[in-house]
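Build out the structure end to end from the sequences listed, making use of the hints.
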Amino acid sequence: MELLSGAEMIVRSLKDEGVETIFGYPGGAVLHIYDALFQQKGITHVLVRHEQAAAHAADGFARVSGKPGVVLATSGPGATNTVTGIATAYMDSIPLVIITGQVQTDWIGNDAFQETDIVGVTRPIVKHSFMVKRTEDIPSTIKKAFYIATTGRPGPVLVDIPKDLTSPALTYEYQYPSKVKLRSYNVVSKGHSGQIKKAVDLMMAAKRPMIYSGGGVILGNSADMLTELVHNLGFPCTNTLMGLGGIPGEDKQFVGMLGMHGTYEANMAMHHADVLLAIGVRFDDRVTNHTSKFCPNAKIIHIDVDPASIAKNVPVDIPIVGPVDQVLKEMLEQLEKTEERNDKSALEAWWKQIDAWRAYHGLRYETAPGILKPQQVIECLYKVTNGEAIVTSDVGQHQMFAAQFYKFKRPRQWINSGGLGTMGFGLPAAMGALVASPDATVACVTGEGSIQMNIQELSTCLQYNFPVKIINVNNQSLGMVRQWQDMQYQGRHSSSTYEQSLPDFIKLAEAYGHVGIKVTKPEDLEDAMKEAFSLKDRLVFMDIYVDPSEHVYPMQIKDGSMRDMWLNKSERT
Amino acid sequence: MRRIISILMENEPGALSRVVGLFSQRGYNIESLTVAPTNDNTLSRLTLTTTGNDQVIEQITKQLNKLVEVVKLVDLSEGAHIERELMLIKLKATGAQRAEIKRTADIFRGQIVDVTSSVYTVQLAGTSDKLDAFIESVGEASILEVVRTGVSGIARGDKVLAL
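As they're listed, the protein sequences go chains A and B.
Each position in the first sequence, counted from 1, maps to that position plus 9 in our numbering.
Each position in the second sequence, counted from 1, maps to that position plus 689 in our numbering.
Hint data in this document are derived by calculation from the structure and do not stem from the laboratory.
Every clue listed holds true.
Here are the computed lysine-lysine pairs in the BS3-like style, where the Cα-Cα straight-line distance is at most 30 angstroms:
| no. | chain 1 | residue 1 | chain 2 | residue 2 |
| --- | --- | --- | --- | --- |
| 1 | A | K199 | B | K848 |
| 2 | A | K24 | B | K755 |
| 3 | A | K382 | A | K418 |
As structure tokens, then:
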């Protein structure tokens with residue numbers, strides 16, 4: 010057997026795990042590991058400019074590729090800088106392995122230089138974590154970390170390794186384990202057939218059925234099966250923010266996103282449904298509105314790999330615990346065997362009603378000559394990229410407009426921080442997306458608030474030539490905060506504007522070695538965007554000035570049911 | 690409603706903090722907690738008492754089961770079970786009180802395990818209610834110090850919580 014140092018074991022274990030790229034930042038406690046990285050081929054290291062971005066980039070990589078993302082950071086501030094990125098991945102169930110250096114074993118607990126109890130700090134935001142105590146345990150620990158991160162409901166796993174364990178002076182026999190044995194961690198491999206049968210019977214008896222699918226369908230690689238199920242049944246389907254791309258955005262049976270800023274038709278259909286098939290969702294508060302008023306007439310079937318997601322927020326009639334792909338496969342098989350079908354006239358009447366709702370609102374918004382609306386920016390982006398781009402997003406109004414107006418064709422095309430709502434996610438996530446899919450067109454839809462939270466990554470993009478197209482929907486204010494202040498605080502814009510302090514983003518982009526394009530007039534938008542996307546190998550920063558007073562609609566009314574919405578500034582349901 | 694949840698978990702550093710952390714993160718109560726290794730020294734047995742309606746208890750058990758170090762758990766209060774808590778209580782024991790405390794301890798089947806000219810230390814085991822009753826009987830005025838272990842429990846009959 011080979012003799013390797015702890016640092017070499019880490020690198021080799023990653024290689025044996027099939028890792029090709031890691032995102033990180035060096036520092037004292039990980040210098041041995043960086044030295045081992047320097048002396049090998051096969052793993053590329055992307056040097057970010059802030060460890061938060063390393064975590065988001067690894068996250069973006071994982072979301073696009075379906076493989077786990079890997080982060081390497083040093084002890085203390087390096088480790089704590091990853092915290093927001095880890096929490097972001099945790100909330101959206103993204104598989105990450107975060108390796109942090111720790112001070113040497115005999116210094117732990119002494120408040121040593123750059124010492125932080127990162128296992129303690131991250132405990133509530135990881136799926137699991139390890140502190141390695143012996144060098145010999147490094148390969149098996151890394152194996153366990155990847156196994157836990159990627160199986161069941163995925164999530165981030167942190168591995169903290171004291172510096173002395175990675176010393177080049179001490180070598181040990183290396184063997185990467187082929188199997189993981191964890192008696193306390195069992196993953197459900199399939200759903201209960203009896204429950205699936207009950208669900209099929211209930212679905213066949215439905216008069217106003219609705220399919221509500223989420224991130225679980227994307228993570229579980231089940232979009233094709235979902236689409237097949239939707240077509241087979243003839244039911245309407247809505248996606249959560251995390252589930253967009255689960256069914257093609259242009260599909261006739263897709264009624265758009267649901268929830269706080271969901272479409273009128275999706276929210277109305279949810280409220281009036283009599284049977285709800287919920288797949289890989291968690292009945293988040295941004296979807297349900299007040300849970301006691303949620304879908305008052307619906308029997309609910311809930312499929313999820315995580316038993317703790319079931320009946321957490323809303324009581325469920327037929328729970329099915331299992332991986333979405335296995336459950337949907339069996340559901341389709343059972344559907345094939347059953348001769349029962351829905352009452353055709355009831356389903357037709359239901360569709361007639363839904364089409365009427367769709368015709369009534371359908372994401373309408375007002376335009377005015379000479380004023381550029383943020384919605385138009387996304388519509389133009391959709392047109393210019395033929396709906397093919399991978400779109401990463403930051404958090405705020407621009408995120409909601411992107412979710413509403415970009416019709417995602419496939420899973421893993423829409424990359425956003427849904428659960429945690431992390432501003433600063435978009436640009437580093439776009440870097441990770443380009444690592445996962447180097448030939449893809451990647452657009453980062455952002456705002457002048459969010460982009461400044463990780464703008465230093467423009468430098469990383471130059472070093473590694475990540476030709477991200479930054480679509481800065483510039484409304485000169487923290488738009489979503491401002492919208493809430495308009496609607497709930499009588500327009501008192503407390504700390505949501507910048508008082509002429511915004512940087513010249515064009516000069517800034519140029520200073521970082523990129524191209525900047527400024528747009529202020531609606532008539533210039535399309536040509537400018539075409540120009541930006543024609544510069545295939547360059548990062549282009551499009552600074553697009555839009556109407557600062559625009560709001561995102563529909564917007565659910567707090568504590569109401571799903572059908573209680575503002576449809577524009579003066580009209581409510 | 691009060692519940693007794695008993696957990697078998699890996700006897701590893703950090704496992705306990707994950708269990709305790711879960712309760713504070715998710716806003717659940719812990720009323721008492723006791724933990725020690727079992728006859729299999731790779732496993733610890735942790736018993737805790739908590740309160741909540743059925744929905745909350747269901748979530749607590751599901752969330753606990755998700756922790757990687759939790760091997761098995763049981764809600765003992767769902768079936769017939771035996772619960773015990775141990776208390777050491779130090780009491781002022783002078784004059785007429787001295788005999789009274791001895792009598793009360795006898796009634797509760799406690800034992801006086803340490804004696805000075807002015808102090809008795811009583812050891813008492815039983816359900817939490819019984820310990821509460823003893824404290825009430827001797828009266829606040831004579832109590833110098835109370836130490837309770839928290840509840841431990843085991844199911845009645847053939848049911849076992851083991852691997």
